[in-house]
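Those protein sequences? They're chains A and B, same order as listed.
Under the numbering used here, the residue at position 356 of the first sequence is numbered 356, and the numbers go up by one with no gaps.
Take any residue in the second sequence, note its place counting from 1, add 1000, and you have its number in the numbering used here.
Errors might be hidden in some of the hints.
Said to hold, decoys possible - Computed from the model, here is a short list of chain A residues facing chain B with C-beta under 8 Å:
#1 25
#2 26
#3 27
#4 43
#5 45
#6 49
#7 136
#8 138
These are calculated hints, taken from the structure and not from any lab test.
If you're wondering where the values come from, they're calculated on a predicted model, not measured in any experiment.
Using N, Cα and C, we set each Cβ at its ideal position, and we do this for glycine too.
Here is how the chains run, residue by residue.
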Amino acid sequence: MSTTKDFIIAQLKDRIAGYQAEAKEQTVGRVLKVSDGIALISGLSDAMMSEILLFKSGGQEIVGVALNLEENLVGAIILGEFTAIKEGDEVVCTKRILEVPVGSNLVGRVVDPLGVPVDGKGKIEAAKFYPVEKIAPGVITRASVKEPVQTGIKAIDAMIPIGRGQRELIIGDRQIGKTAIAIDTIINQKGQNMKCIYVAIGQKESKIANIVAKLEEAGAMAYTTIVLAGASNSASLLYIAPYTGCAMAEYFLDQGEDVLIIYDDLSKHAVAYREISLLLRRPPGREAYPGDVFYLHSRLLERACKLNTDFGGGSITALPIIETQAGDVSAYIPTNVISITDGQIYLEPDLFYQGQRPAVNAGLSVSRVGSSAQIKAMKKVAGKMRLEAAQYRELAAFAQFGSDLDEDTRKKLERGKRLYEIFKQDQYLPVPVAKQVLIYYCLINGYIDDVPVEKTHEFEEGLIKYADLNNQALTLIAEKKELTEEVETEIKKVAEDYKATLDYLIK
Amino acid sequence: MKISARQYAESLAQAISASSDADVKVALDNFAKIMLENRDLNRRDEILAVFSQIWDQAQGELAAEFTGARAVSDQTKTEVAEYLKAKTGAKKIVLTEKVEADVLGGFILRYEDKVIDASLKRSLGDLKNEMNK
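Isolated chain A, as found in the complex:
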């Protein structure tokens, strides 16, 4: 017992000896006005842009960030409990830009936009602090996107492939499976050498609790960090949340690792920024958003990148999510983000209610850089799939008018039906790329033409199970990553063998 006491005393003595009292000159200001998470402060002539300001109110220190620097005034957002701040309170400059803890200790945790854990698993010892706002990597440091991100979603990996370092927008109405795509993608990153960061902006905390539970169940929290700015947080926290997530991603980027970051969703982020801007009396523009709302998202998404090997070779892949109102993609924020990103996955309500889930619209969804990142085998089987899928939907609408169609059209329609059946996929069940290649190979080579449409799903499951047990095809595809003759014969063999066991084929 006495040893612990002595130890504590020695420690205290050390601390006291190491402490140096010094008087520093500080720049102070006084709060002129507080409202809804915004404060106007007089004085503070030395304040810098996005500098941390400390509000000394009622014996506690509340953090704020300078956002408006005017002649006699500083406008600041308050990151914390702003009800304690009163008019006339003292505010001190800290000469530090807003920064958050980063490092591998954050993996598996749920944190708020300031890096403070909110999952009740104890304190986080941060390796480093990174500034929240950072200029995106320049031209010299970048490389072209060439490695794939396997989402595990058949429709996306085939038609709208995503590469490491790409920014792919997920866009659609509410309740249509946008988050589901993001979560499935995270789950599928297991063993793919990828860190994941999920930034929840203005989401219901119950939804986040569900997501965390699902990710834990799937073992995906082992490589995932969740940055949570819930619906009950102030607009200022919502505003910095995506930048915080990106700073955490940049730590792994600097270690040469690949990171997947999901911003769910940026429409709420824009709304939070609009709130802040209007309270700071910046002039409103279209839809009352401030003039720099484009820069708000472009500077965030530009930080997603693929670095070349001289700079570590890491990457940040960004999947921003935008919620549209009644399918209106031509609103202000959707058009902005569409133009910033390298493509979009458009989810359509009609498809969703027809039972086509994920409800990916093949015609309006594109990936501008991803096809160079597909593995060779996938590229070969899925090359023209997007076109075919889009054509099928047009043809199907047209075919409703006439009954006698020529053989070619009929065949196309039949195959299209089966293709769309294959695109259907349940939530939380991502499909590895080798299995996707197998099923697509069977489709384009006509092995599924004599399977009844309503049995397609059953056939697919059976075939994969059969191949898993009896055949080398899947391991070969995963190993070789291209369709050599050997692989093709193996696939053909498994398809024929499996079909020989079936009794529901159309004769």
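Starting from the known structure of chain A, arrange chain B on it as the hints suggest.
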């Protein structure tokens, strides 16, 4: 165009600096007239506050506030004033003294929007934070 308080104050300072007492009276009358014309009379407090700042600056005057736990000797005050003169380049320091038992020991010096806090209260607070780490 709206004229800012600073613009008013600067022009007033310009008009009355280096002029005789009689001229100052005329200048002030004219200034009041302009304010009336522009319907800015209700902003006079704001304008006057900025004016006194500008005037002090032009005259090399600097207002400072010295807070201690006890009243201090005149010698200390002159030393503080000399220190501020050397630091800011002001010609004259107007030092107001405040006694606050809360400070415990040492002093807090405020001028412009700067604070030099060498109080015992802050040191103890810092020490507490340091030990809590």
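Going down the list of hints, with the structure as the test:
Evaluation of the residue 25 of chain A hint against chain B yields a held restraint, the C-beta minimum of about 5 Å falling below 8 Å. Because the smallest distance between the Cβ of residue 26 of chain A and any Cβ of chain B comes to about 5 Å, under 8 Å, the interface hint for this residue holds. Given the 8 Å rule on beta carbons, the hint for residue 27 of chain A holds: about 6 Å separates it from the nearest Cβ of chain B. Below 8 Å, beta-carbon pairs count as interface contacts, and residue 43 of chain A has one with chain B at about 3 Å; its hint therefore holds.
For residue 45 of chain A, the interface hint holds, since its Cβ comes within 8 Å of a Cβ in chain B; the closest pair sits about 5 Å apart. Proximity of residue 49 of chain A to chain B is violated relative to the hint, the smallest CB-CB distance being about 18 Å (cut-off 8 Å). Here the hint on residue 136 of chain A is broken, as its CB sits about 35 Å from the closest CB of chain B, past 8 Å. Proximity of residue 138 of chain A to chain B is violated relative to the hint, the smallest CB-CB distance being about 37 Å (cut-off 8 Å).
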